[in-house]
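Could you slot chains B, C and D onto chain A? The hints should help.
There are 4 protein chains.
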Amino acid sequence: MSNFTPTPADRFAFGLWTVGWSGLDLFGNATRPPLDAVEAVNRLGEMGAYGVSFHDDDLVPFGATAAERDTIIAQFKNALSATGVVVSMVTTNLFSHPVFKDGGFTSNDRAVRRFAIKKVLRNLDLAAELGAPTYVLWGGREGAESGAAKDVAAALDRYREAMNILCGYVRQQGYDLRFAIEPKPNEPRGDILLPTIGHALAFINSLDDSEIVGLNPEVGHEEMAGLNFAQGIAQALWHGKLFHIDLNGQHGPRFDQDLRFGAGNLRGAFWVVDTLERAGYAGPKHFDYKPPRTEDLDGVWETARACMRNYLILRERATAFRADPEVAQALAAARVPELAEPTLAPGETIDDLRAEEFDIPALAGRGMAFERLDQLAMEHLLGAR
Amino acid sequence: MSNFTPTPADRFAFGLWTVGWSGLDLFGNATRPPLDAVEAVNRLGEMGAYGVSFHDDDLVPFGATAAERDTIIAQFKNALSATGVVVSMVTTNLFSHPVFKDGGFTSNDRAVRRFAIKKVLRNLDLAAELGAPTYVLWGGREGAESGAAKDVAAALDRYREAMNILCGYVRQQGYDLRFAIEPKPNEPRGDILLPTIGHALAFINSLDDSEIVGLNPEVGHEEMAGLNFAQGIAQALWHGKLFHIDLNGQHGPRFDQDLRFGAGNLRGAFWVVDTLERAGYAGPKHFDYKPPRTEDLDGVWETARACMRNYLILRERATAFRADPEVAQALAAARVPELAEPTLAPGETIDDLRAEEFDIPALAGRGMAFERLDQLAMEHLLGAR
Amino acid sequence: MSNFTPTPADRFAFGLWTVGWSGLDLFGNATRPPLDAVEAVNRLGEMGAYGVSFHDDDLVPFGATAAERDTIIAQFKNALSATGVVVSMVTTNLFSHPVFKDGGFTSNDRAVRRFAIKKVLRNLDLAAELGAPTYVLWGGREGAESGAAKDVAAALDRYREAMNILCGYVRQQGYDLRFAIEPKPNEPRGDILLPTIGHALAFINSLDDSEIVGLNPEVGHEEMAGLNFAQGIAQALWHGKLFHIDLNGQHGPRFDQDLRFGAGNLRGAFWVVDTLERAGYAGPKHFDYKPPRTEDLDGVWETARACMRNYLILRERATAFRADPEVAQALAAARVPELAEPTLAPGETIDDLRAEEFDIPALAGRGMAFERLDQLAMEHLLGAR
Amino acid sequence: MSNFTPTPADRFAFGLWTVGWSGLDLFGNATRPPLDAVEAVNRLGEMGAYGVSFHDDDLVPFGATAAERDTIIAQFKNALSATGVVVSMVTTNLFSHPVFKDGGFTSNDRAVRRFAIKKVLRNLDLAAELGAPTYVLWGGREGAESGAAKDVAAALDRYREAMNILCGYVRQQGYDLRFAIEPKPNEPRGDILLPTIGHALAFINSLDDSEIVGLNPEVGHEEMAGLNFAQGIAQALWHGKLFHIDLNGQHGPRFDQDLRFGAGNLRGAFWVVDTLERAGYAGPKHFDYKPPRTEDLDGVWETARACMRNYLILRERATAFRADPEVAQALAAARVPELAEPTLAPGETIDDLRAEEFDIPALAGRGMAFERLDQLAMEHLLGAR
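Going down the list, the sequences are from chains A, B, C and D. Numbered according to the numbering used here, the first sequence spans residues 33 to 417. Numbered according to the numbering used here, the second sequence spans residues 33 to 417. Numbered according to the numbering used here, the third sequence spans residues 33 to 417. Numbered according to the numbering used here, the fourth sequence spans residues 33 to 417.
For the record, the hints were derived by calculation from the structure and aren't laboratory data. Keep in mind that a hint or two might mislead.
Copies of the same chain are indistinguishable here, so a pair counts whether it falls within one copy or spans any two.
[Claimed, not checked] No farther apart than 16 Å at their CA atoms in a straight line, the calculated lysine to aspartate or glutamate pairs in the EDC-like style are these:
| hint | residue 1 | residue 2 |
| --- | --- | --- |
| 1 | Lys150 | Asp391 |
| 2 | Lys150 | Asp89 |
| 3 | Lys150 | Glu380 |
| 4 | Lys150 | Asp384 |
| 5 | Lys109 | Asp68 |
| 6 | Lys150 | Asp42 |
| 7 | Lys150 | Asp383 |
| 8 | Lys150 | Glu388 |
| 9 | Lys150 | Glu389 |
| 10 | Lys150 | Glu193 |
| 11 | Lys109 | Asp157 |
| 12 | Lys109 | Glu161 |
| 13 | Lys109 | Asp90 |
| 14 | Lys150 | Glu71 |
So that you can see chain A by itself, here it is in the shape it has in the complex:
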């Protein structure tokens, strides 16, 4: 049995806002002191993490002076080079300040939209300077609580306009950066624009420069809509758009729980890891979760370690599942490989197909043998084989 100890080669990454969350929520005050970014980098580095990510305001408080900003960034860079931790992703906070109460790119207030774009532009320069390959955009306040408040068509126009401006800037500057949109169905807004992986994929197709825009799906965000996350990222991969990923845990349609990875829907997590590993996903495995506010700082580090351990355990189990000869047999019995065969033979015409006669009762009588296959997966997951 492996010891499940992470190394940077595993490409695990954490948001500064995750381990740094102080526990303030809608119903209660902070239960933990603020966590310094440098301390976070040091601890994560010691634990074997590969990368960190941050919103501009996580690192440099909103409204800091230029001098304060420079000092903070310099200290942060020192910590990075001392630990070897990289900046694997950068993002912009367009949701916490009251100015963004109706969103950033799609605020009804044009001045706010302008300020939002300016805020991102500034942070793109920092992302490029720090060598981040991916820039995430989560539009948590882009949405509405009521039907007339947001003209959806106009909002999508403005969203597209903003994305076109940002893509243009990255191209113009020659930055080696790609954007990843993070969908979410609701919370904090009643209904958020681009609520799922699918809606965001469709939107991206409408952009001037859709090639450098992909997705950053989050386990909990899709599961809040009752959707199957592994299936969702499989579609994103099929479209070539899985640029980044947020791993965490959730118990279905309810508030955004942001549990550590593995907690929540464990069977789902197994298929997520299986999907990522089989697809050769090479980006960071980024944990975007919140250590529950019941925990002190020791508990915080416990959760960070657990996120990585759970991924490694699940990876071992998924690998063993795929390597098991009985599984190969069960896959064949379930005719899974047959789905890779084109339905029409090479050169076959529609008329050829229409001429074929089918023995319907015989076809209908064949069992699909899916349950045996799934039970094999279950027993691999449980370490019971």
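Chains B, C and D in isolation, oriented as in the chain A frame:
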């Protein structure tokens, strides 16, 4: 006050399987006798409906002989011409027969996939013959209950292959038909492929002939995922893909209720009608619901009449809302029209934008006045203004 | 048409924390300045409200000195007597301070449990002094995120112990106060103890002094579990336990939206009002909602007014529905009054019943005519009759 | 590692309708032939099952003659004695026949209510004859789709009347039978009466003979409402009311999936087994699930075997978790045992408690160490320790 009596100009349509549902469900037997298609056309015509739609098997039982088929179709055509009711949509049943237990286009069983395509091809000819402008595809069995049973990438390849074959056939035959994919997140399969409007839109973009493929979204299907249906169809319209629509009622994430239109999320229904009417949606308003099995046939016709009345009442209310000068004022106060203004001025550059200074506290302090706007909508909906 | 202007006779009440919510949530900072309790009382009084309610910490900040406390309470009493607004309910905040991060009465930490009871006891004295008839207990932090962290049986023992202590104190002091437990399924804890109306009713039955303990159900809390709120309060009324009620709006299983009453599930709100009015519920109609953080203070007062207006509109509509002769006919056709008849006749024995023969096909063939009845309700709700 | 082979001592039981489900659902026809009850008993017996359960109509078709009935029952008894399988529970089908379209005990139609009671009475005799200790009542059609259709108070009166009649009959006959009510929130009715464990517990308290009435909760039914099942049965046990249990799998709020036990929410299943085993639950572990209609009969037996294996694996893991010294330490660190200590010391008064001063910052600063505890559980579950 209007009398809310529908006419064919309102373009209301019903599936034969809706008024014809006999009440058989997973937990119980039929509570109503079968309803003849001709009788359905006659009654719907009398009530002011514009169109009917059907699955191949709704009209012609699976496995009927050619002679039986011809007789049934001839009788059906007679009823149509006698009543003036049109065939506004046709679709194929790829889910009821046990042969489709693992789906049609994406069954792991290649022979089943071939039979599914053949079944659709045959029914496309009938659709064209009957002058239906739209061909709906609901892939209710395209999915899985477990992770290994379905290779999602291969399944999407096969889905695309099937769509490409069907589009090619329609082009080749010169049929004046467009396809509309109907998404659904789950039920009867544990997780269905293309689970939402967004996922289907993204998929359509990958097709060889995406121009003739759009969407047939259903109120309940999106609301089962907790998604805002009006916002969903607004995005579909924005992409030019709202080819058809299924109106019904649902109480959020639970089993597929298929309530009559208006029942369930009434406020949502108001915004759906507002969205359709403002966008000038000209397709059929197609009711895809199930009269509860508590009802006898009189109750069935009651529900059909109620679907249409509810649409007409909501249309009157939405129109009054948009025409109300106080609403115009409230929209302006909420800066809704300002969202239509581009964020960058014509000719403005990124540098211009970055040079602008913002009075953040002033911007943050402005209320959005959305609640007053929404309360005006509420009072219009309730007929209380 | 009525003008829907509330008066104190309508017994509408508001929590200080509702109109006073500053907009701080998990994802963002306050968007509104703090609202003074005296100002809130004044404004609500002007608008026709009957009562206000508060958590101890809403009125007197946690940790205030005795002198500060006295001053605040004196000012508050002055405002009450000046406006005629009454204190219709008091409650204790056992969830915001970090000390309550694992709950109050059921915290694993015995010292915290003791402090929680002490905090409530102190506030019971204030509630009695202010003449509040009802004391609400919402155990928002009584729960867990994970299975081993909370021994549910021990937790229910402690919950019962706390309730027994508090009831004993109220009896001993001779306070004219009854307790009302407010259930909620989750948020902020992963799973909250006593998650629904039903669970709380069952728990109350286990108390030493269950007579003075009832329920304070909240629309959104039950709808977060997909439950029908009108049906839930009907059961609470049937058990004689609807001591208080929290009215607001919610869109099904998702985060706790706390929309103004009527927003969200409007059809559900109609049945809630119908249920309350027909049952002769005489307690306060208490609005526990959060004006969205998009609003400034004007928007806040708009929402307060709208909550009351919506109740009044719905009351008018429900009353008209019940008074409509066609509705009486439709109720009879649906055999609704027949349900009030005992199933066994007076004096009838089991043997008598077993001897009866039933014409099953005839019974099965009768339609229930529910859809016509519901459509009549719909048209009354919409003001379309 | 154990071999996870069940024996009758494990007390696993299956409904005839589970392995016997032919795959007919709302959207499709049967995919499997009918399964003979005798064959089911034989196969389940061979696999190590302890008991079987059935609805009257599962064993004897609705409307069978007395002679047919006698023959079927005689054959069934023979199979039981040949295999040693016991009848661990019996129940009545009050939902499939169209006569029950508005329910049984709470149908608006008094004649239907009378027929429903007669049907149960007859089957109680059979249950007693077969030695079943528990009689389950699932009121799947007791409910409504709309607000006016069901007078909830009258319906609860009739429900209570029916239960009082049935309890009286069991007492009068001296049958050694207890009733277990099975709650469900919705499906097939829009909203079902007694929707959760809690609502049913509260209702039972209102019965004349509440001692012989308890609960039969089902995993999926509570999870359809987003409720934590382990927490629910812990409350039922606390009230002394867990008379029977239905184990299966579900993916949160959506249609009733009836997956095999373990599938769905696996982490939840671990806590369910932990709760049952620690409480010394001695009743049958009854699997109430549906083998997916993709499966042939081999797949059916695969799922039956898997339900039992999964329970045995989880039992081994839960036992190891509770026996692990590091877990004992982690429980202590999380102060879990401290919750068993009364909050007031023996003899302590309210005045004593009020006199105590608390060091709030110190109390607030203590971490609860729940995440370490939960991660230990996770790693035991995964067999990774």
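Each hint tested on the structure:
For a Cα distance limit of 16 Å, the shortest separation of Lys150 from Asp391 across copies, 13 Å, qualifies, whereas the shortest one inside one copy, 65 Å, does not. With identical chains, the CA atoms of Lys150 and Asp89 are at most 16 Å apart within one copy only, with a shortest distance of 14 Å there and 40 Å across copies. For the identical chains of this complex, Lys150 and Glu380 are inter-copy neighbours only, at 13 Å across copies versus 56 Å inside a copy, given an alpha-carbon limit of 16 Å. Taking CA atoms no more than 16 Å apart as the test, Lys150 paired with Asp384 passes between copies only; the shortest distance there is 10 Å, against 60 Å inside one copy.
In the homo-oligomer, the alpha carbons of Lys109 and Asp68 lie at most 16 Å apart inside one protomer (13 Å), although the nearest pairing across protomers, at 45 Å, exceeds that limit. When the C-alpha separation of Lys150 and Asp42 is checked against a cutoff of 16 Å, the pair qualifies neither within a copy, at 35 Å, nor between copies, at 48 Å. For the identical chains of this complex, Lys150 and Asp383 are inter-copy neighbours only, at 9 Å across copies versus 59 Å inside a copy, given an alpha-carbon limit of 16 Å. Taking the shortest Cα distances, Lys150 and Glu388 sit within 16 Å of each other only across copies (9 Å), while inside one copy they are farther apart (62 Å).
Within a single copy, Lys150 and Glu389 get their C-alpha atoms only as close as 64 Å, which misses the 16 Å cut-off; across copies the closest is 10 Å, which meets it. With identical chains, the CA atoms of Lys150 and Glu193 are at most 16 Å apart within one copy only, with a shortest distance of 13 Å there and 44 Å across copies. Taking CA atoms no more than 16 Å apart as the test, Lys109 paired with Asp157 passes inside one copy only; the shortest distance there is 15 Å, against 57 Å between copies. Taking identical chains as interchangeable, the C-alpha atoms of Lys109 and Glu161 lie at most 16 Å apart only when both belong to the same chain, with a minimum of 10 Å there against 60 Å between chains.
Only within a single protomer do Lys109 and Asp90 lie at most 16 Å apart by alpha-carbon distance; the minimum there is 15 Å, versus 44 Å between protomers. In the homo-oligomer, the alpha carbons of Lys150 and Glu71 never lie at most 16 Å apart, since the shortest distance is 30 Å inside one protomer and 39 Å across protomers.
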